[in-house]
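Chain by chain, the residues run as shown.
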Amino acid sequence: MYKSLIELDLREEAEVVAFNGSSLMNRRLEGMGIRQGKKISRISSQYIRGPVIISVDGHQAAMGRGMATKLIVKPAERNGV
Amino acid sequence: MRVLLMGNPNVGKSAIFSRLTGSHVVVSNYAGTTVEYTRGFLQLEERELEVIDVPGTYDLEPTNRAEAVASEMIAGGELIINVVDASHLERSLHLTLQLLLTGKPVVVALNMWDEAQKAGITIDTARLEQLLGVPVVPTCALTGDGMVVLKSRVQEARSSSLVSENGASLWQKAAEISQKVQKAPERASTFRDKLDHTTVHPVLGPVFALFVLLVSFGFVAYFGNFLHEMLEGVFELLWLPVAAWISGLMGGAGMLHDILIGTLIDGEIHFEESFGLLTTGLYIPLAVVLPYIFSFYLVLSILEDIGYLPRLGVVVDALMQRLGIHGLSIVPMMLGIGCNVPGVMAGRMLETRKERFIVGTLIAIAVPCMAQQAMVIGLLGQAGLSGLAIVYGTLFVLWMVMGAIMNRFLKGESPEMLIDLPPYRMPYWESLWKKIYMRMNGFIRSALPYVLLGVFIVNLFYTLGVIGYISQVFAPVITGLFGLPGEAGGALIVGFLRKDVAVGMLAPLGMELNQLIVASVVLMVYFPCIATFVVLFKELGVRDLLKLTLIMILVVVITGGGLHLLLQATGF
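Protein chains in written order, with our numbering: chain A, 71 to 151; chain B, 41 to 612.
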């Protein structure tokens, strides 16, 4: 049911559940509006282990792949599936 | 009274600062433009308030050095103007609440009001004012809207009666308040979004980046050269007769003549080679370097204000991770291409000592400043593009190899990138020109005296025979290792003061193309100019600077010697 952000399909809507990283990083994420309960989606990923582009709360941000694997999200229920 | 201007990164604090104080600071469309605080004064009726532009922060507990500056400053402030991004209300309010809890009087500037309106966001400011318990003023700092009201309401700043709850609930509180006062529509896809998707697309993104970089540098080279030829014409037409007249007055020879006018070449003044204060000393900074600096800052400032640089950071991140730094380090690198000093300073936006060391070292060794490049382009460009291609190719390889090696052997962390991608904006021309003007002004003020001093010292050295002495002492390295004429040793000494003057000293030596290439690379790689050196010392500390210096000496010997042998072997 829960996934990491990196496992999310492109443009699949999800909700932030938790971040399994350092508290410092967690604070930085929170500062940028990436925190529990926020709607989040992955817009694109760069190749060769480059960063992931996300959309959260109407704005966009880029985060490293490692960070994205530690960000646990809950995909929204899809209608009719 | 001391007023602090505080807020999240990239919400327009510096723009508000300029509007309040009338002093000029650099404003860009990405987080972290202000890494050091700037101070100005605001005249309010009878009183003069000291206003401080504090680096942006998300949190009063710092997560990097620029944020550390912000949280240290708080103790010394008596009043806070909290700049809030109206288009990102909730997360801005999180900091607002923290600021209110310090108990200091606060006034909130609801900035980027126009941006919020464009996005269809409406905010009930009266309600927000009531909920926060402090004055709230909608502003648009770029155009200046709302600034008069903000100034008049600074005196109404007061401490809020909001009481401290536990830390975790600050976010809930921020969310609650923003839900109460703000109406935001679902966003529809716009042209801006499409452009956005293209520029960070996994395939199209790098293609677009390459295109942007090629066009940018092509423009700098051609437009710079165009301006240079124009100014050269102006110099020949207007200044040459004056300089010739002065030369004639002094009888065309003598020590004073040598210092002011320099050596006459076939009885005439030669702006590139005479090397007097009034000839080459003015010609290099004003007619050669300035045109390229202007072209470069024009392009860089447009890229900055549009908001492309963070996207470029995303695209190059995978590459730069191999060098032990994340993609956003491209910003210090790009600034370094203009002048190494602000480049090294911008390294502060990085979190760890390892990253800052790598960025500082790469800039100091492998990123030549525009002043130096302008001279090298002039020196090598006449012989076609092949020489320039070798010089830039060598630097690029050095940049990659050194980064990779440092990443492999230096201890410490290289965190991943985490950045906001600010919306693309049309540059606001008034502030764009102001920024270019400031950067040009900075160049003229800081460079011109050093160039003149450099030229003066060159003359002094020649007169005293120092250059000849240096040439002899360093001959094994300069001639033996690099294959250069002994006199080039003088350029290496002067290069410590100003690299552009040093490159200028190579012109009269009559070197072959392969020698010019080696000399240019050696000059670009070895010791950065004194101004950069001082900043490196401030940013990295003594130990890391010594380490950097050792790396540099090693690199210059290997690269210079290797290039010399390689060019000789290939019969270039």
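These are calculated hints, taken from the structure and not from any lab test.
We treat Cβ as the ideally placed atom computed from N, Cα and C, and that holds for glycine.
Treat the hints loosely; a few may be bogus.
To be verified - What the simulated footprint calls covered on chain A by chain B, stretch by stretch (three residues with Cβ under 8 Å from a Cβ of chain B suffice, anywhere in the stretch; the number is not a length): (1) 76-87; (2) 96-107; (3) 112-118; (4) 122-132.
Comparing the hints with the structure gives:
1. Coverage of a stretch by a chain is defined here by at least three residues with a beta carbon nearer than 8 Å to that chain's beta carbons; for the stretch 76-87 of chain A and chain B the count is 0, and the condition is violated.
2. With a threshold of 8 Å between beta carbons, the proposed coverage of the stretch 96-107 of chain A by chain B holds, since 8 of its residues qualify and at least three are required.
3. As drawn, the stretch 112-118 of chain A meets chain B at 6 residues by the rule of a beta-carbon pair under 8 Å; at three or more, the given contact holds.
4. Taking a C-beta to C-beta cut-off of 8 Å, the stretch 122-132 of chain A contributes 7 residues in contact with chain B, enough for the three needed, and the coverage statement holds.
In the structure shown, a violation is registered for the earlier hint numbered 1 alone.
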